[in-house]
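S.K.: Chains A and B supply the protein sequences, listed in that same order.
Just so you know, we're using the working numbering here: the first sequence kicks off at 3 and counts up by one.
Just so you know, we're using the working numbering here: the second sequence kicks off at 61 and counts up by one.
It should be emphasised that the hints constitute simulated quantities derived from the structure, not laboratory data.
Treat the hints with caution; some may be incorrect.
[To be verified] Once the Cα atoms are required to be at most 30 Å apart in a straight line, the calculated DSSO-like pairs of lysine-lysine come out as:
{"#": "1", "chain 1": "B", "residue 1": "Lys130", "chain 2": "B", "residue 2": "Lys86"}
{"#": "2", "chain 1": "B", "residue 1": "Lys116", "chain 2": "B", "residue 2": "Lys86"}
{"#": "3", "chain 1": "B", "residue 1": "Lys163", "chain 2": "A", "residue 2": "Lys11"}
{"#": "4", "chain 1": "A", "residue 1": "Lys11", "chain 2": "B", "residue 2": "Lys129"}
{"#": "5", "chain 1": "A", "residue 1": "Lys85", "chain 2": "B", "residue 2": "Lys130"}
{"#": "6", "chain 1": "A", "residue 1": "Lys85", "chain 2": "B", "residue 2": "Lys163"}
{"#": "7", "chain 1": "B", "residue 1": "Lys130", "chain 2": "A", "residue 2": "Lys16"}
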Amino acid sequence: DGGITQSPKYLFRKEGQNVTLSCEQNLNHDAMYWYRQDPGQGLRLIYYSQIVNDFQKGDIAEGYSVSREKKESFPLTVTSAQKNPTAFYLCASSRTRDRFHQPQHFGDGTRLSIL
Amino acid sequence: SQQGEEDPQALSIQEGENATMNCSYKTSINNLQWYRQNSGRGLVHLILIRSNEREKHSGRLRVTLDTSKKSSSLLITASRAADTASYFCATDADGNNRLAFGKGNQVVVIP
Chain A
3 DGGITQSPKY LFRKEGQNVT LSCEQNLNHD AMYWYRQDPG QGLRLIYYSQ
53 IVNDFQKGDI AEGYSVSREK KESFPLTVTS AQKNPTAFYL CASSRTRDRF
103 HQPQHFGDGT RLSIL
Chain B
61 SQQGEEDPQA LSIQEGENAT MNCSYKTSIN NLQWYRQNSG RGLVHLILIR
111 SNEREKHSGR LRVTLDTSKK SSSLLITASR AADTASYFCA TDADGNNRLA
161 FGKGNQVVVI P
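Isolated chain A, as found in the complex:
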């Protein structure tokens, strides 16, 4: 079945450590997105990519970095510069053909906590 796989499901970060969250999709979607969700809140966009080797900052990009070397993969690195990284991180993808009206498909998230 096609879908989006995020790993790991749970991740713990030590002070001063960078951690990388994995996101892989086999839906053949061009666009991919990273969101952060805090308890009781909606989703906030961190980074998005409309095509391989290109990505743009979202609303809360500070302290995060991404790469898009392959269509299927869009890993997110939470750097030590992100002082409050504890959150639920969601990856999504969508088509870009008739991009004006495309739903996003989500993975099941990675929950990141500080040790």
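Following the hints, complete the assembly by docking chain B onto the known chain A.
M.R.: Structure of chain B alone, referenced to chain A:
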């Protein structure tokens, strides 16, 4: 930027009743989308309504859009315990599929 704002924030109903949630937004939109999130899981897309559409149905779901009032509503008819979830509206303002999500409505359906 956050744009969608759902109302009410939390709703508790008996199985079989209807549940209605509202969403307001501030700027013009290209489309508005509703998503469901079960606890600890990712979001699942429910319905997308374009700015030139007024109403859309999918199974037990009915979505309306009033662009003059910048608001949308999601109606779930004949609710089931499995409908217990958080429901989010999201707006696409510029057609780049960059969505702005509301804070969500938590719906509890009591069997």
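S.K.: Next, verify each hint and record whether it holds.
M.R.: Taking the hints in turn, this is what the structure says about them:
| no. | hint | result |
| --- | --- | --- |
| 1 | B:Lys130 / B:Lys86 | holds, 7 Å |
| 2 | B:Lys116 / B:Lys86 | holds, 21 Å |
| 3 | B:Lys163 / A:Lys11 | holds, 23 Å |
| 4 | A:Lys11 / B:Lys129 | violated, 40 Å |
| 5 | A:Lys85 / B:Lys130 | violated, 36 Å |
| 6 | A:Lys85 / B:Lys163 | holds, 23 Å |
| 7 | B:Lys130 / A:Lys16 | violated, 44 Å |
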